[in-house]
Amino acid sequence: MAKIVEMPKLSPTMEEGQIATWHVKEGDAVDVDDLLAEVETDKATMEFRSFDKGVLLKILFGDGAIVRLGDPVAIIGEAGEDVSDLVAQAEKAKASSDDAPAAEAPKDEAPAATPAPPAPSPASGGASAPAVVASSVDATGRVKASPYVRKLARERGLDLRTISGSGPGGRIVARDLDGTSAGSAPAGRVAAAPVSREPEVVKLSMMRKTIARRLTESKQNVPHFYLTIDVDAGPLVALRKQLNTDLGQLDPPKKVSFNDFVVKAVAIAITRSPTVNATFTPDALIYHRRVDISVAVAVDEGLVTPVVRNADQKSLVQINEEVADLAGRARDKKLKPEEMTNGTFSISNLGMFGIDEFSAVINPPEGAILAVGGIRKEPVVVEGAVVPGQRMKMTLSCDHRVVDGAVGAAFLAELRKVLERPTQILAF
Amino acid sequence: MTEMRFREAVRTAIAEEMERDASVLIMGEEVAQYQGAYKVTEGLLDRFGEKRVIDTPIAEAGFAGIGIGAAMVGLRPIVEFMTWNFSAVAFDQILNNAAKLRQMSGGQLEVPIVFRGPNASARQVGSQHSHAMEHFYTHIPGVKVVAPATCADAKGLLKTAIRDDNPVIYLESETLYSLKGDVPDDEDFTVPFGLGRVAREGSDVTIISYSRIVHVALEAAETLAKEGIEAEVIDLRSLRPLDEDLILQSIAKTHRAVIAYEGWPYGGVGAEIVDRIQRMAFDELDAPILRVTTLDYPMPYSAALEQHCIPQAPRIVEAAKKVSYRE
Amino acid sequence: MNERDLAIEMYRQMKLIRRFEEESARAYSMGKIGGFLHLYIGQESVAVGANAAIRPDDYTITTYRDHGLALARGMTSRAAMAELFGKETGCSRGLGGSMHFFDAEHHMYGGHGIVGGHMPLAAGMAFASKYRGEDRVALGFYGEGASSIGATHEAMSLAALWKLPCIFICENNEYAMGTSLERSLSLTDISRKADAYGMAKDRFVADDVFMVRDRIGAAVKRARAGEGPTLIEVRTYRYRGHSMSDPAKYRTKDEVDDAKQRDALYRLQHQLEEDGATAEIEKADAAVEEEVQDAIKFADESADPGPDLLAPTTYKGEFAR
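Protein chains in written order, with the working numbering: chain A, 1 to 428; chain B, 1001 to 1327; chain C, 2001 to 2321.
In case anyone wonders, no lab produced these hints; they're calculated from the structure.
No residue lacks a Cβ here, since even glycine has one placed at the ideal position from N, Cα and C.
One should not assume that every hint holds.
Within a straight-line C-alpha distance of at most 25 angstroms, the following computed DSS-like cross-link-like pairs (lysine-lysine) qualify [unchecked claim]:
id, chain 1, residue 1, chain 2, residue 2
1, A, Lys-144, B, Lys-1321
2, A, Lys-144, B, Lys-1322
3, B, Lys-1253, A, Lys-144
4, B, Lys-1321, A, Lys-151
5, B, Lys-1051, A, Lys-151
6, C, Lys-2221, B, Lys-1051
7, B, Lys-1253, A, Lys-151
8, A, Lys-9, A, Lys-334
9, B, Lys-1051, C, Lys-2163
10, B, Lys-1180, B, Lys-1321
11, A, Lys-25, A, Lys-254
12, C, Lys-2253, C, Lys-2221
Distance ranges between label pairs, derived from CB positions [said to hold, decoys possible]:
id, chain 1, residue 1, chain 2, residue 2, range
13, A, Val-299, B, Asp-1296, 52 to 62 angstroms
14, C, Met-2211, B, Glu-1187, 51 to 61 angstroms
15, B, Glu-1187, C, Gly-2133, 25 to 35 angstroms
16, C, Ser-2180, B, Asp-1055, 39 to 49 angstroms
For reference, chain A alone in the conformation it holds in the complex:
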């Protein structure tokens, strides 16, 4: 008996998913837990595995399609089964996928059901989103290019959104690709196309949509206030140097970062001042007994916050390895949703980017987030004498509905104590 396979919920906040790649095709036999497709959710590219055994009889949405949660994406049954009724039923449901997002979306947003533009080539590595302006992108985000140009772009790994067209109506034609690599288009006979001054329009990715929605919700609904401390990081620097020297003797050698110290220090501070580890709900305040630290990680399309579970119970090296693993998989979009949710407290560290001090937006439903700046060398007064010192500023953003000023201040005082006498970090 054939049945409809629906877009599964692959992340707790997922409302729609974009099918990145089908891994089976119509007619393929499928077993329970076989990989059907990869789906890009608001969080990551997820594996979509089969709950059923049978034959994939019909794929209702191809690669690139955006499908609302629970809407049909495929039909699985027995080989040769007549699925026309199910297809008709699915088509009806599919209409909602086609229409609904457009109705919800702001007017200038592309209909969600249109396939995403081709992903930037892997060759572009970690480069940020294209920034070149192109008049060849029309109002719906479609690039006007000749079929031959599209072929060349595929072959050369070019992002046509970065190229402006000199053909009629801004069409990208072969000569516009001159110089991108040795092509067969007549070279040098045509003046370079003028650089367009039109803004570039980049379609929202699933992740960007989620970031926009969640951070807007946070800033609009959560009453933020901010507490900043400036700690003496000298002992921490010295300890880390010593520790890494010692860890370097191991086989294989190990290493920890300042951020690992911060994570562990925060975890220790939370155990001593636990009321900051809290969530506001309309009915009740929830004080967590677990210390699950969300660590903000920048990825190509935005950021994600994988969670270090029970950080208070983990060693620095464990934390280091776990964060490295999570961040790596976050960049590869391989994180599972459960690895990115249910944190109790967040840390965002921009120190490595040369930021001294900043404030962060709370990651609901958590009650607070710590924004960590870089370690600055500056003169400090020690026992009445001015000596070279190392300082680190940290700003705690608190949800005032659950974390009051005094609670936040008490937590920061504990944190300062841990960081300025850092050997205890090694003890717990």
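Position chains B and C against the provided structure of chain A, taking the given hints into account.
Frame of chain A, contents of chains B and C only:
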């Protein structure tokens, strides 16, 4: 090789094949005693006699049908239409008999017949005598259609046509008859159907043509070369079957195409080629394919207006520049 | 073959055509035959008499009302019925249908659906015979409805001009589809069209199959002798409508009944019975019945033609489009 005129090349092919095969004969209006309305058959009556070089009354349906009936039972007639315009009154014979007898009979019959004569515009012969008839005939499965542009191909394609066991539509051009060119002397020189020819090599734009317009396309290519555009000119020679490979190879090189030929723009050979290119070489195209055709009017008599309607080199140049984004 | 044996053979052929077509009509009503089905019932003596007047290697060609001529010339009932059923075993391998029966082996060159369009082909076959110096003749059958169309006249004009061994046999069954002779021709003596081309002519009623044989035979003799073509108008009548979808409201039942009184098949049967050939008739009837039933069964059980058949029957040899 012998240098001869186009009409002599056609005549040579007919004569050689009549020598070779006693079942080959030619019939048509004024082909015998008059020596051919355009002197294509000049001298054939003396050489082969009235049994095989046969003057017909003005009855195209009648003599086209007699040719088909004779072919059906083993002869290999060449039926000359004084011009292809007059084939319209024999259209039923070609469409319903020549093209279909084999299929309707489940493959029992063969119809080895050649219909030939001058096609398309001449000089100021008015609307009823200027038709490009290939657009009607290429539509029909069961016939083959060829249209030489050179003297050598005139001979080689006609010999292939006469030896073919299927009905063949062989299109000449009144304004090509006096063209001179080298023609192989070999009595077994034939040009296979379905193979086009690169009349001029180029890298920037492909101009696809056949019959007389090949020469107009070559003229256009010279003008384009002066402006830095190297056009490749393809002479199709055979319209059905069509040399898809040659067209696609050229498109893969130039990524743009202009198709130039006589005949109205609605449908026709050019539209067919456009369809094949977009289907089979979609990813090679850098510009929409353009056609340069006879304008969409019955042919006017006025010399000025006639020239205005027929495809001319400047229109081909303009189209080639347009697809090259060089307007 | 002596005249008595020939009489029995012609009876068998006429009876076969009639029974074949009656069963065709039944099969049509059962949906086993599609498209057009034009029945020859009532006209059998023309095809059978004409066939008796020629040699097996002479050429024949006719209209879409072609079952009678095909069977008279020797096409098997199996090949004919299977063609009606659109099967691969049909005479035209299921590609022709009722209107396009072909049998080159028996020199039956169709089965043509364009009125008058096949008449130049008849002249063309005669042309080939003359060109090759043979004495074969071509018989071109047409309906009186084709008397108004150009191709018929061009064929006659050229055949007469070139003295081709062609006999134009106009089967005048009085109705061009639903239009009576009087309403379609200013001159109802169709044989007089021959005068315009300086061609020999003849005109008779086809009640007697022997007379059909003899009168056509005379024209065939002239043609073989190089004396040129003849136009023969044979007056006949079809009992059924023009096609299966024709209710034949353009004529009265009395008229049809009257024609049936002159039925050539029953006339021949009556003559044979008087000559004491009852046993032979019964034998022929039984053979015909068996042949027709076998043909239906054969056609029913035969396979549909496959798409592989299309390309090689459209062109001879390889053809890349």
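Going through the hints against the structure:
no.: 1; hint: A:Lys-144 with B:Lys-1321; verdict: holds (20 angstroms)
no.: 2; hint: A:Lys-144 with B:Lys-1322; verdict: holds (18 angstroms)
no.: 3; hint: B:Lys-1253 with A:Lys-144; verdict: holds (22 angstroms)
no.: 4; hint: B:Lys-1321 with A:Lys-151; verdict: holds (23 angstroms)
no.: 5; hint: B:Lys-1051 with A:Lys-151; verdict: violated (62 angstroms)
no.: 6; hint: C:Lys-2221 with B:Lys-1051; verdict: holds (23 angstroms)
no.: 7; hint: B:Lys-1253 with A:Lys-151; verdict: holds (14 angstroms)
no.: 8; hint: A:Lys-9 with A:Lys-334; verdict: holds (16 angstroms)
no.: 9; hint: B:Lys-1051 with C:Lys-2163; verdict: holds (13 angstroms)
no.: 10; hint: B:Lys-1180 with B:Lys-1321; verdict: violated (31 angstroms)
no.: 11; hint: A:Lys-25 with A:Lys-254; verdict: violated (45 angstroms)
no.: 12; hint: C:Lys-2253 with C:Lys-2221; verdict: violated (40 angstroms)
no.: 13; hint: A:Val-299 with B:Asp-1296: 52 to 62 angstroms; verdict: holds (59 angstroms)
no.: 14; hint: C:Met-2211 with B:Glu-1187: 51 to 61 angstroms; verdict: holds (56 angstroms)
no.: 15; hint: B:Glu-1187 with C:Gly-2133: 25 to 35 angstroms; verdict: holds (26 angstroms)
no.: 16; hint: C:Ser-2180 with B:Asp-1055: 39 to 49 angstroms; verdict: holds (40 angstroms)
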